[in-house]
Every structure is written in C-alpha cells, then in structure tokens.
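Residue-level listing of the chains:
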Amino acid sequence: MIWRSLLRDPARLLLGMLTVAAVIALILIFEGFRIGLHVQVSAFPRNLPADLVATQAGVSNILGARSVLPQGARADVEAVPGVRAAYPLAGFPVIYSDGKLTSPIYVVAYDTAGGPRHLLAGRDIADADEVVIDAALAAKFHLAPSSRVEFLGHPFTVAGLSADTSNFFDPYVFVRLVDLIDLSLAGEFADRPMDGGLSFLLIELQPGADRNTVRAAIEQRVSAVDVFTPSELATNDERRVDDFLGPALNVLTMVAFAAGVLVVGLTLYVSVLGRVREFGIMKAIGARPAFLARHVLIEAAVVSTLALVLGMGLAAATATLIHATLPEYLVVPLDPTAVARTATAVTAMAALAVLIPIRRIAVIDPASVFSR
Amino acid sequence: MTLRWIAKNLLEERAALAASIGGVALSLVVVLLVDGMFAGESERIVTYPERAGADVWVMQSGVSNIHMATSLMRGEVVGAVKAVRGVASATPILNVGAFLESRGGRWYSYVIGVHPEERRGGPWAMVSGRALPGPGEAVIPDVLAQKAKLGIGSTINALGRTFTIVGISTDTYSMANSVTFVAYGDLAQLLSVRDGTASYLLIEAAPGTSSADLAARIRSAVPDVNALTREAAVESDRRIAMQMGIGIIGVMTWVGGLVAALVIALTTYTATIRRARELGVVKALGFRQRTLYLTVLVQGGVIAALGYGVALAVAYAVRPLLGVSTPEVALVYPPVSLLRLAATTALIAIAASCLSGRHVARVDPAIAFRE
Amino acid sequence: MTDARLTAMRVTKVFGTGHTAVRAVHDVSLEIAPGELVMIMGPSGSGKTTLLSMLGGLMRPSSGHVTIDGIDLTTLNESELPDVRARKIGFIFQAFNLLSSLTAEENVVFPAQLVAGGIRAARTRASALLERLGLADRRRALPRTLSGGEKQRVAIARALINDPPVILADEPTGNLDSVHGQEVLMILHEVARDEGRAVLVVTHDPRVEDIADRILWLEDGALRDRKAEPHSWVRDPVCRMRVDEWTAQVSTEHAGRRYVFCSPRCLVRFEADPERYAASSGAT
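Heads up: the protein sequence lines correspond to chains D, X and P, in order.
Note that this note's numbering has the first sequence beginning at 860, numbered continuously upward.
Note that this note's numbering has the second sequence beginning at 189, numbered continuously upward.
Note that this note's numbering has the third sequence beginning at 12, numbered continuously upward.
Just so you know, the hints here were simulated from the structure itself, not pulled from any lab data.
One should not assume that every hint holds.
[Unchecked claim] Stretch-level coverage of chain X by chain D, calculated; a stretch enters the list once three of its residues show a Cβ under 8 Å from a Cβ in chain D:
#1 217-225
#2 291-297
#3 305-313
#4 455-464
#5 512-525
[Claimed, not checked] Lysine to aspartate or glutamate pairs mimicking EDC-like chemistry, simulated, CA-CA at most 20 Å apart:
#6 D:959 - X:419
#7 X:337 - D:1102
#8 X:270 - X:305
#9 X:335 - D:1009
#10 X:335 - D:1101
#11 X:270 - X:392
#12 X:337 - X:325
#13 X:270 - X:383
#14 X:337 - X:289
#15 X:335 - X:289
#16 D:959 - D:1009
#17 X:337 - D:1101
#18 X:335 - X:359
#19 D:959 - X:423
#20 X:270 - X:401
#21 X:270 - X:412
#22 X:337 - X:359
#23 X:270 - X:306
Glycine residues also receive a C-beta, built at the ideal position from the N, C-alpha and C atoms.
Turn these sequences into a full structure, and let the hints guide you.
Printed below as a string of structure tokens:
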C-alpha cells in the first residue's frame, strides 16, 4: 500500500528523491575530496623505492616540508651497518607561472631512485634540461611532451607526464639531480634553490638486515637525520591534509547534514500533504497514530535508501566530471567507509526529518473526510 | 489580490514553507561557506606581506611570492640591494615551512627568522608577551596557541630544536601558513646558511621615493633579485591562493546550487499539484495563463529570496561562532561573492519554477466542474 | 428570441476520432433570455458537464456556435476567451471551489481584478452582496470554517461580483442539505427574475422545477424540451422510496400495470415475488 501510495505521483517522488540525492551527493563529495587528497598526497611518499627514508632531524613530512641535509649525511648513513645504499633526493617548493596561470609546485630532483614511477605520456628524462611534470599540472597549463617550460628562470623541455603525483596545491615536477646541480654550478640559476641540494636520502637495506635495528642505528649515529618508513611519511602527509582542511570540511559536512534533514523532511512532508485525505480516512476508520507514524517511517526508509543509491550515482558522476574538467582534483566518491558514514548520516537525517510530517498527520481531523 | 492569494497559499502550510526555505538556505550556506572560507583564507595568507612593514619586498630572482615559495639570497646580494639609492633600510628575514611539535601534536607553520633589533618583519599585533624572540625563543599565533593549549613559557620543537614561547601574536594564523617567529640566528643555524643570507628583504623606501620606482630600480641594479611593491607582493600571493581554490569553489557552487534548485522545484511542483483544482477554477473565472505562470514564478521567487536572506543571516551568524569553535577557519564574504550568489539564486528560482510552469499550462479549467 | 443572453446553435462535441469517436453532445440548440431560469436535467453521462463547459467557453465545440451577450465564443481565440468569462459569465460549482487560503470576502472580490474598476471598486459591491446573502458576519471567515450552505452563498456572491449577464450553475445544491439547498435556489431565482440575468442550472434536484421557467432534458447528448409539469411521483413497491415515474430508469410490467423502481436490486426482488409487492404498492 505504501508503494502504491508513493507511486501515485511518480514525478513528485522522483523530484523528492533527486533533491535528497543531491544533498547526499554533496556530503559524499566533501568526503570524497578529503579521501582523494589523502590518496594524492600519500602516493609519492608511499611509493618511494626505499626501505627507509632519512629527513632532516625534526622533519617528518614530504608535503610542505623543507628538509636540508648536510652534504656529508649520505656518506654517514651509508657507513651504518645494514645500509646498502642511500640515494639522494632534493625537494623544494617553487611557484610556476606561465604569465596567465600560477601554481605552486614541488620540484623533486632525483638521482637514480625517487623519480616518476608511472608515466601517462612521453618518456622518462634522458637529457639535461628535461623535466617530467605531473599530468594534471600539464592539463592545467596545456602542456604536453616536448612543450617548453621555464622553472627558476631556466628553460626546460617536458619529456613526459606522470601520474600519482598530483594534488591541487603541490603537484610534482621531476628533474634529474645531476642536471640541477650542473645548472646551479654553472650559475644558470640566480641562486641555488636549496643550499646543499640534499633533502632526503632513500635508504636501501642489505638483504636480511632488520629495518628497525638499522633505523635506530642511523638515528643514533647520524644526529642530523630522522628516519622513517615510506608509509609513515605517507601517513604523516595525510595527517597534514587533515590538519589543513579538516576543520573546514567538518563545518561544511555539518551544514550539508542539516540541509539534508530539512530536505528529507520536506520531501516526506509534501508527500503527506498530497495524501491528507487518505490519512484522514485511515484515521477515521480507526488507524492509530503509531500505525500512521510507522507508515511514514517506512516511507522515509524507502525514500532515503533510494535516494542514497541515487546520490551515490550522482556523486560518482560529479566526481568524474570534476576530474575531467579540473584534473588537479581527485574526488573519491564511493569509498566504503565514507559511504557507510554517509548512510548512517542519512539514517539520522531521516529519523529527525520524520518528525515534520508526523506532526502534520497528527493534526489531520478524521472528520474532514466528510467535508468537501 | 493575486499576490495576496499567492502569499496566503504559501503560508497555508507553514511547515512545508519553512522546510523549503531552510533547505534552500542551507544549500546556499554551503556555497557561501566554501566561498567565504577561501576568501578568508586568502586574506589571512596575504596578511604577512601586507602587515610586516615592507614598502618593497625583495626576493630571489625567479620568485614572485612569499606564500609557498622558496627564496634565498646570499649576503653579497643582500649588500647590493642595501646599496641601491632610495633604500632607507633593508631588513633580512629567513623563511621556511616546518612542523611545530608539542605534547604529541604537530602543526604546520612558516617559521620566520627575524633580528630582535629590527622593527620590520616581526609580528604587528600581540595578544601577550614579547613581539620579537631572542635565541631559543619563539612567538606563535594565537589560534595555534589555543589549539595546542600553549602559553607563555611553554616549549615547542621545530626543526629539531626546542624553543620557549615568549609571545603570542594575533592576525598571524591561516590554515595553510600560520607564521611563527624565531630568532634569525637560530634559523640560520638550522638551515645551515651563512649569516647575512636572507630569504626576503623587507625594504623601507626613503622619504620621497615611490615604492614602484624603488622596486624597478632594485630590479635593474641587482639582477639576482626580484623586487615587488607591497601591493604587488600581496596581489601575487592572493592570486595563488584564489587560483588554488577557484576550481573547488566552482564545483561546490554548482552542487549547492543544484540542491537549492531542486528544493524550489519540488516545492513549487507539489504546490501546483495540490492546487491544481484551484488553478483550474481561477482559469475558469477568467484569469489568463500568464497569471498562473506568475503564481508559480512568484512562489519560487519568494522561497528563493527568503532562502537567500536566511542563508546570509546564517552565514553571518556562524562567523563569530566558528571564530570560537573552529578558529582555524576564517570567513570573509566579499560583496561581489554575495551579488554573484544572489544572481545565481534568482536564475535557479526561474529555472526551477519553469518545471511547474509546464504543469500549470496543462491544467484544464473544466476540472472545476468535477467532484 | 433576439434579445437572448445565451444562445447555443447546433452545438456538438465529439471526443476522439474514427470508430473510437464519442459524441458527448449532439446538435444542441437553446436560448436563454434575460430574466429566465432554465433547468437542464439528465442522467449521468448525458453530457451535461460537457455542454456546460462549452457554454462557459471552457471547451470548444466540435461544431456549432455559442453566443453570450452577442459575442460568438467560437470565433474567439484562446487568449480572448478568459476576458469573456471574466466579464460575462458567473460560475457556480457543485464543489463550491472557493480558494482555501482566502477569506470569504477575498474570494468574492478575487475575480474583480479582471475588470475595470478593479478590487477597490469591487469591495463595496462585495460587502453588499455578502450582506444580501446573509454573510456579513462571516466575511473574514476562511472556507474551511464555513458550512456548505455558506460556502455556496460565497460562491454565488463571487459569481455576481463582475455583474455578468449569464450565470451557469452546475449542481448548485448537490452538496447541500434541504434547508440550505432551498436557500440557494431562491437566491438563483431572485438573481434571474429580479436582476434580469440569464441563469442556466444543471441539476438533478427536483425542487428546481418549481422555480424554473423551462426544463430541458439532456439524454445521450441531445436536448429535449420538457414542459414544466408536476412530477409523477410514485413509490418503489419494494423499498418504498419515491421515484419519478417519468424519469425512472428501471421499470417492469406486471398484470397490465407499470411499476418503476429506484434500482435493479429492487426490480430483482419484485420479480422474485411480484404478488407480495404489487399488493402493497400504490401511487404517492
């Protein structure tokens, strides 16, 4: 009976569900934006080809961190028992502008390890004066393999476009460390961007060496460094994102939730309004308030569930659209935890929202069935 | 009278009206907040270059920002800048992004090394304590102090060293880059740079010298540097901040706007259906189609307008509340954003009402004769 | 009559085409003069509502002409008809059709926006109408607080506010008890006789016959004139309900005499034991 009731005005049902679905999609997009950022910022550190990574003492991130290691640090670390090799990596933020658009970027100067892992177009760096840039950054600035770009006042050629190296405030650009040092020594840069040019050491352990033991040994012997696993750095970078955007996203999600309560309430309310006579008749023939309330609750559950499914579809479509038009943003709309959290929120929304139509039903006068 | 009829119709089901207005309002609030957060954050981001006391900002050649940039100038370069005619004083600062740690918590901040005897480059407004830190000392932003529950005398760790907090500044916090001050010497040591090196030079123009002229003169006299007037530096940083956010603001505006549109469409559509008979009667009495379109449009317009009004009220009311509960978030509502949203809301109302307009056109006046 | 306010000339309405075509109204012609109250009766589905819709300019005839106060509605386009309805016709509906959110007074003046003078000028007229119809102290009441009779009187006042020459009433007493129904019929009678309007009432209510100048019978879409004769009331021999011998749908012959019934059920029971019921029947 509830189904027939709902389907009597399919346009209203659809419109109502779409409205609720849009709010759900909004919440999923906020969540998806946070998760997407986690995915983006953790990709580079998590996938570093190293057993351990050494940073400047006191530095525990790659994202947004400025890490400067003394020149002798490499030799010191390689001298620690259990360490097979330590590959240098330089990383520093720079602002890139093509005259029209501006974007902060993170330049990674790598030796043999730490370069771009996954290329979407072009090839790896083969010559001096070549760079590999993040694909989303390339899309934003309309660059492609063989495009000419200028960083730090020096012209480079784009050799390839990389994936998993993006986020909206710090996309990566890769250059060979040896090229950077050569250019710097040749006075090609107005000044060396990083004094020393050494930010991190990618540490490869001897086969069979125990990671924790070697780690402790390095930290004890080389006071200038702290040592982390790649996944610890990734986690720290994710936490940095949460610190940065967490409060703002929480506020937005709360507002969206409140909007959801009202929207679900409105949808149920107008549905009841369209059936005032029906409810009046049910009351007249003896239906108790609890029975009618149950009717509304079931309807709320049906509408919310369908709207959740619709909202998930809408969120997925929007996320795809966002990524297609704004490639520097990654929205992960259907992360299972986020969906579960949103489903809980939707249930809470519906539970609060039903109060609105239930109140309306309570004031329907059963004697109204006799009037015209 | 027709307007009175429309108004009374709207008021007949007050709960539905309230829920509609509320739904529209809150979806617009989402848009306002996203916009406001970015505008607020952008304002905060540019506060340092705006208030630090420089007429001209000098930085490494190829760099034209303070926010999110790396700049380093050797002592000789600094000396060359100081010698340019029109430079009354040149205050060097060092600048690095780092994590501050205390009691297990970590917070990102720009750490700025300032000379205690210099007037420029340090905090311009204090909540408590001393403005300029000496060796082993730090001045942190008030919001950070609140979040981390730190006060004068507390210690924080940065870049591997422990600092004692001697001052709490205000107007120096943003989500992306709060500003913490330490002694120049401490930071030089931590960054392993020689004394005399500067990330940025804060230039005071000599009396009678325009900032723009001075900046141009410095640029031509010292090719290793870039020089920007304070306004240009602020604008450059603001542009970066806004450009980073513009995409996501656009997305949120679309989705928030879609929710508002659907709420209006749902409300006007159901009102039209519920009142189909009355609309038929009104047609039978001799009212034209356009009058009926008008009822739908006015209904949608009223809900949209009231929704917008409530959204503004909520957005402004939320500001001081957020200031207390979530001080990391700054909300600024530039008039142009408010106007833009008003225009968007109006368009939404018209579009959403059109959906019901079609329905209205199809109402048969002969419905009045039916039971 | 050349001074007829409402004229229908060979009006026909066909719905659908080909072999699914339904002729709801067939070749109806009538004239109603100022001051005349004409009643149209007929069984359900006879086309009364369709005819009324066409006479009121709410539906276009498939053929024929409808003229109101000299204006041929069939020559007007859709955008011109509302104006005629507003100025020339007053509608009274079975379901009252008051605007639920407006007070009685506001309902009455509502159509006045459509004519010269507007609401302001209409307020005085509205007051007078409500006073005359005994609703002066209910002018600020909302429809949901009015009784059926009060609602219909408000509807009548609304129908009269723009001083139309023609009144079309569809079952005006259909939802009223006998006292209020009586009241409404007397008002309609006055409206026709004393104000010189052409009033057309479509109804099943037999009391209208007592006040109608002419009674027309619509059956299967066609109109027949029916002189104002007294009803031939007889009693259903089974349930004893009063039935109009002339209009009864169910009847049978038994022992040379015609019996009419209120429904087929009573006919079935009669035929099961005709002697029993024939003995107890008789004319009213």
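Okay, the hints, checked on the actual structure:
Only when three residues or more bring their CB closer than 8 Å to a CB of chain D does the claim for the segment 217-225 of chain X stand; here the count is 5, and the claim holds. Coverage of a stretch by a chain is defined here by at least three residues with a beta carbon nearer than 8 Å to that chain's beta carbons; for the segment 291-297 of chain X and chain D the count is 3, and the condition holds. Residues of the segment 305-313 of chain X lying with their CB closer than 8 Å to a CB of chain D number 0, which falls below the three-residue condition for coverage. Against chain D, the segment 455-464 of chain X contributes 5 residues with a C-beta closer than 8 Å to a partner C-beta. That satisfies the three-residue criterion, and the hint holds.
Judged by the Cβ-Cβ criterion of 8 Å, the segment 512-525 of chain X is covered by chain D as claimed, because 3 of its residues qualify and three suffice. Taking the CA atoms of residue 959 (chain D) and residue 419 (chain X), the gap is near 18 Å; set against the 20 Å cutoff, the hint holds. Taken as a hint, the residue 337 (chain X) and residue 1102 (chain D) pair is honoured in the structure, with Cα atoms around 16 Å apart against an allowance of 20 Å. For a cut-off of 20 Å, the pair hint linking residue 270 (chain X) to residue 305 (chain X) stands: about 17 Å separates their Cα positions.
This hinted pair does not check out: residue 335 (chain X) and residue 1009 (chain D) have alpha carbons roughly 40 Å apart, beyond 20 Å. Between residue 335 (chain X) and residue 1101 (chain D) the alpha-carbon distance is near 14 Å, which keeps this suggested pair within the 20 Å criterion. The suggested pairing of residue 270 (chain X) with residue 392 (chain X) holds, with an alpha-carbon distance near 10 Å, which does not exceed 20 Å. For the proposed pair residue 337 (chain X) and residue 325 (chain X), the alpha carbon gap of about 17 Å is at most 20 Å, so the pair holds.
A distance of roughly 16 Å separates the Cα atoms of residue 270 (chain X) and residue 383 (chain X); the hinted pair therefore holds under the 20 Å criterion. For the hint linking residue 337 (chain X) to residue 289 (chain X), the alpha-carbon distance of about 12 Å falls within 20 Å, and the restraint holds. Only pairs whose Cα atoms come within 20 Å are accepted, and residue 335 (chain X) paired with residue 289 (chain X) is accepted, the gap being roughly 12 Å. Proposed proximity of residue 959 (chain D) and residue 1009 (chain D) is supported: the alpha carbons are some 14 Å apart, at most 20 Å.
A C-alpha spacing of about 19 Å is found between residue 337 (chain X) and residue 1101 (chain D), which places the hinted pair at or below 20 Å, so the restraint holds. The straight-line distance between the Cα atoms of residue 335 (chain X) and residue 359 (chain X) is roughly 15 Å, inside the 20 Å bound, and the hint therefore holds. Under the criterion of a C-alpha separation no larger than 20 Å, the hint pairing residue 959 (chain D) with residue 423 (chain X) is consistent with the structure, at around 14 Å. Restraint check: the Cα-Cα separation between residue 270 (chain X) and residue 401 (chain X) comes to about 15 Å, which is no more than 20 Å; the hinted pair holds.
This hinted pair checks out: residue 270 (chain X) and residue 412 (chain X) have alpha carbons roughly 13 Å apart, not beyond 20 Å. Taken as a hint, the residue 337 (chain X) and residue 359 (chain X) pair is honoured in the structure, with Cα atoms around 18 Å apart against an allowance of 20 Å. This hinted pair checks out: residue 270 (chain X) and residue 306 (chain X) have alpha carbons roughly 15 Å apart, not beyond 20 Å.
Comparing the model with each numbered hint stated earlier shows that hints 3 and 9 do not hold.
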